[in-house]
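S.K.: If you want the building blocks of each chain, they are given just below.
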Amino acid sequence: MIPRFFIKYKLEIIFAIFIVVFAAVFLMNNASIQATAKPGQETWQGSDDMGSAAIEATGYTPWIQPLWTPPSTEVESLLFSIQSGLGALVIGYFFGYYRGQRECSKSP
Amino acid sequence: MHIMEGFLPWQWCVFWYLVSAPFLIYGIYLLNRQVRERRETLSLLAVSGAFIFLLSSLKMPSPVVGSCSHPTGTGLSTVLFGPFITCVLSLIVLIFQALFMAHGGITTLGANVFSMGIAGPLLGYAVYRVGKAVNLNIFVNIFFVTFVADLFTYVITSIELAAAFPATHGGFMISFATFFAIYAVTQVPLAILEGLLIALVFKYIVQSRADILVKLKVLTPEQVTKIMESFK
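Protein chains in written order, with this note's numbering: chain L, 1 to 108; chain Y, 1001 to 1232.
Chain L with its partners taken away, still in its complex shape (with noise of 0.2 angstroms):
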């Protein structure tokens, strides 16, 4: 008889331990990866950065620039994070609405 606990939270442990595999793999493969960096080496690129070197490295410049480029990655990373933020508010936001129906139409 397994207890009801696993049951009932079987997908929040699933998705517990892959975020534990996912991060000891990334703790273990950033120690490799580390230790055989060339000195100045950029390590753990996005996909996207590297796809456009890729472009690059065949000769090609791009025809046009970005508007506004964020003048460092700090301000970078604060807009993404203000992305993200709005995502998470307006998540947060309806659970906690819906949540606060489910009470009320529990008790009169």
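Hint data in this document are derived by calculation from the structure and do not stem from the laboratory.
All values derive from a computational prediction rather than experimental measurement.
The reader is advised that the hints may include incorrect statements.
What the hints assert, rightly or not - List time: in silico DSS-like cross-link candidates among lysine-lysine, alpha-carbon distance up to 25 angstroms:
{"no.": "1", "chain 1": "Y", "residue 1": "Lys-1215", "chain 2": "L", "residue 2": "Lys-38"}
{"no.": "2", "chain 1": "Y", "residue 1": "Lys-1232", "chain 2": "L", "residue 2": "Lys-106"}
{"no.": "3", "chain 1": "Y", "residue 1": "Lys-1217", "chain 2": "Y", "residue 2": "Lys-1203"}
{"no.": "4", "chain 1": "L", "residue 1": "Lys-8", "chain 2": "L", "residue 2": "Lys-106"}
{"no.": "5", "chain 1": "Y", "residue 1": "Lys-1215", "chain 2": "Y", "residue 2": "Lys-1203"}
{"no.": "6", "chain 1": "L", "residue 1": "Lys-106", "chain 2": "Y", "residue 2": "Lys-1226"}
{"no.": "7", "chain 1": "Y", "residue 1": "Lys-1132", "chain 2": "Y", "residue 2": "Lys-1059"}
{"no.": "8", "chain 1": "Y", "residue 1": "Lys-1215", "chain 2": "Y", "residue 2": "Lys-1132"}
{"no.": "9", "chain 1": "Y", "residue 1": "Lys-1203", "chain 2": "L", "residue 2": "Lys-106"}
{"no.": "10", "chain 1": "L", "residue 1": "Lys-10", "chain 2": "Y", "residue 2": "Lys-1232"}
{"no.": "11", "chain 1": "Y", "residue 1": "Lys-1132", "chain 2": "Y", "residue 2": "Lys-1203"}
{"no.": "12", "chain 1": "L", "residue 1": "Lys-38", "chain 2": "Y", "residue 2": "Lys-1132"}
{"no.": "13", "chain 1": "Y", "residue 1": "Lys-1215", "chain 2": "Y", "residue 2": "Lys-1232"}
{"no.": "14", "chain 1": "L", "residue 1": "Lys-106", "chain 2": "Y", "residue 2": "Lys-1132"}
{"no.": "15", "chain 1": "L", "residue 1": "Lys-8", "chain 2": "Y", "residue 2": "Lys-1059"}
{"no.": "16", "chain 1": "L", "residue 1": "Lys-8", "chain 2": "Y", "residue 2": "Lys-1232"}
{"no.": "17", "chain 1": "Y", "residue 1": "Lys-1059", "chain 2": "L", "residue 2": "Lys-106"}
{"no.": "18", "chain 1": "Y", "residue 1": "Lys-1203", "chain 2": "Y", "residue 2": "Lys-1226"}
{"no.": "19", "chain 1": "L", "residue 1": "Lys-38", "chain 2": "Y", "residue 2": "Lys-1217"}
{"no.": "20", "chain 1": "Y", "residue 1": "Lys-1132", "chain 2": "Y", "residue 2": "Lys-1217"}
{"no.": "21", "chain 1": "L", "residue 1": "Lys-38", "chain 2": "Y", "residue 2": "Lys-1203"}
{"no.": "22", "chain 1": "Y", "residue 1": "Lys-1203", "chain 2": "Y", "residue 2": "Lys-1232"}
{"no.": "23", "chain 1": "Y", "residue 1": "Lys-1226", "chain 2": "Y", "residue 2": "Lys-1215"}
{"no.": "24", "chain 1": "L", "residue 1": "Lys-38", "chain 2": "Y", "residue 2": "Lys-1232"}
{"no.": "25", "chain 1": "Y", "residue 1": "Lys-1217", "chain 2": "Y", "residue 2": "Lys-1232"}
{"no.": "26", "chain 1": "Y", "residue 1": "Lys-1226", "chain 2": "Y", "residue 2": "Lys-1132"}
Fit chain Y to the given chain L structure using the hints.
M.R.: Same frame as chain L, but now just chain Y:
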């Protein structure tokens, strides 16, 4: 999956805009109808859109490969609202990123919306219908839909780039292999992570507002009772 501003020759920019336009027009029509006629589903529409916003902003390391990428977040709205509404939601996110972060671009918007908003979700939706037809467990089904929508987005980006930049020796296939190695291989662990997350989120949606899922014809009332029982 973001092709940066100016990184596609203009002929290809025009081509992908033309390919994406009919899907977007139909998507906007469906979205309008959804907003006008089925107001009770709007909260889930907002949540689905918010997941695209949230997940596509998270640049995560891909543990086995040694590079970073981001999920697409399109799985949930593909299941709940179908691929056409999903492409409009993706368009909004892609415009936001192109204008404010210089991530992606306005000239490459057609190509990016095709990979993230159209091709990925369409294939994901096909998986969803097949899963439904063979009575696959809904959580397993949603995992596969999300996994496929995410991963296939990056495969399409590789195809778009290989078509625009065929290798001088070996042509399309050699070039496709290069871009596939950069984009799609990185994406596999992230697509699994995203699939598990969306399946988990779906459980919470069933527990909070199963009535909307029934209205959207994602679940039947019997299935809802069964799922509720299985998590007691």
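S.K.: It remains to establish, for every hint, whether it holds in the given structure.
M.R.: Verification of the supplied hints:
Between the alpha carbons of Lys-1215 (chain Y) and Lys-38 (chain L) the distance comes to roughly 57 angstroms, so the proposed pair goes past 25 angstroms and is violated. Taking the CA atoms of Lys-1232 (chain Y) and Lys-106 (chain L), the gap is near 17 angstroms; set against the 25 angstroms cutoff, the hint holds. A threshold of 25 angstroms between alpha carbons decides the hint, and for Lys-1217 (chain Y) with Lys-1203 (chain Y) the separation of about 16 angstroms falls inside it, so the pair holds. At most 25 angstroms may separate the alpha-carbon atoms for a hinted pair to count; Lys-8 (chain L) and Lys-106 (chain L) meet this at roughly 21 angstroms.
A threshold of 25 angstroms between alpha carbons decides the hint, and for Lys-1215 (chain Y) with Lys-1203 (chain Y) the separation of about 17 angstroms falls inside it, so the pair holds. For a cut-off of 25 angstroms, the pair hint linking Lys-106 (chain L) to Lys-1226 (chain Y) stands: about 21 angstroms separates their Cα positions. A hinted pair counts as satisfied when its Cα atoms are at most 25 angstroms apart, and Lys-1132 (chain Y) with Lys-1059 (chain Y) does not qualify at roughly 32 angstroms. Taking the CA atoms of Lys-1215 (chain Y) and Lys-1132 (chain Y), the gap is about 16 angstroms. The hint holds against a cut of 25 angstroms.
Restraint check for Lys-1203 (chain Y) and Lys-106 (chain L): the C-alpha separation of about 20 angstroms stays at or below 25 angstroms, so the hint holds. For the hint linking Lys-10 (chain L) to Lys-1232 (chain Y), the alpha-carbon distance of about 11 angstroms falls within 25 angstroms, and the restraint holds. With a CA separation close to 17 angstroms, the supplied pair Lys-1132 (chain Y) and Lys-1203 (chain Y) stays within the 25 angstroms bound. Simply put, Lys-38 (chain L) and Lys-1132 (chain Y) have alpha-carbon atoms about 51 angstroms apart, too far for the 25 angstroms limit, and the pair is violated.
For the proposed pair Lys-1215 (chain Y) and Lys-1232 (chain Y), the alpha carbon gap of about 24 angstroms is at most 25 angstroms, so the pair holds. Of the supplied pair hints, the one linking Lys-106 (chain L) and Lys-1132 (chain Y) is violated, its CA atoms being roughly 33 angstroms apart against a limit of 25 angstroms. Distance check on the hinted pair: Lys-8 (chain L) and Lys-1059 (chain Y) sit about 31 angstroms apart at the alpha-carbon level, beyond 25 angstroms; violated. For the given pair, Lys-8 (chain L) sits about 6 angstroms from Lys-1232 (chain Y) by alpha-carbon distance, which is consistent with the 25 angstroms threshold.
For the given pair, Lys-1059 (chain Y) sits about 41 angstroms from Lys-106 (chain L) by alpha-carbon distance, which is inconsistent with the 25 angstroms threshold. Restraint check for Lys-1203 (chain Y) and Lys-1226 (chain Y): the C-alpha separation of about 12 angstroms stays at or below 25 angstroms, so the hint holds. In summary, the hint linking Lys-38 (chain L) to Lys-1217 (chain Y) is not supported, as the alpha carbons are separated by about 55 angstroms, beyond the 25 angstroms threshold. Among the hinted pairs, Lys-1132 (chain Y) with Lys-1217 (chain Y) is consistent with the structure: their alpha-carbon atoms are about 11 angstroms apart, no more than 25 angstroms.
A distance of roughly 46 angstroms separates the Cα atoms of Lys-38 (chain L) and Lys-1203 (chain Y); the hinted pair therefore is violated under the 25 angstroms criterion. A C-alpha spacing of about 12 angstroms is found between Lys-1203 (chain Y) and Lys-1232 (chain Y), which places the hinted pair at or below 25 angstroms, so the restraint holds. Taking the CA atoms of Lys-1226 (chain Y) and Lys-1215 (chain Y), the gap is about 17 angstroms. The hint holds against a cut of 25 angstroms. A C-alpha spacing of about 54 angstroms is found between Lys-38 (chain L) and Lys-1232 (chain Y), which places the hinted pair above 25 angstroms, so the restraint is violated.
Distance restraint check for Lys-1217 (chain Y) and Lys-1232 (chain Y): the Cα-Cα separation of roughly 24 angstroms lies within the 25 angstroms cut-off, and the hinted pair is therefore satisfied. This hinted pair checks out: Lys-1226 (chain Y) and Lys-1132 (chain Y) have alpha carbons roughly 16 angstroms apart, not beyond 25 angstroms.
In summary, the structure is inconsistent with hints 1, 7, 12, 14, 15, 17, 19, 21 and 24 from the numbered list given earlier, while agreeing with the others.
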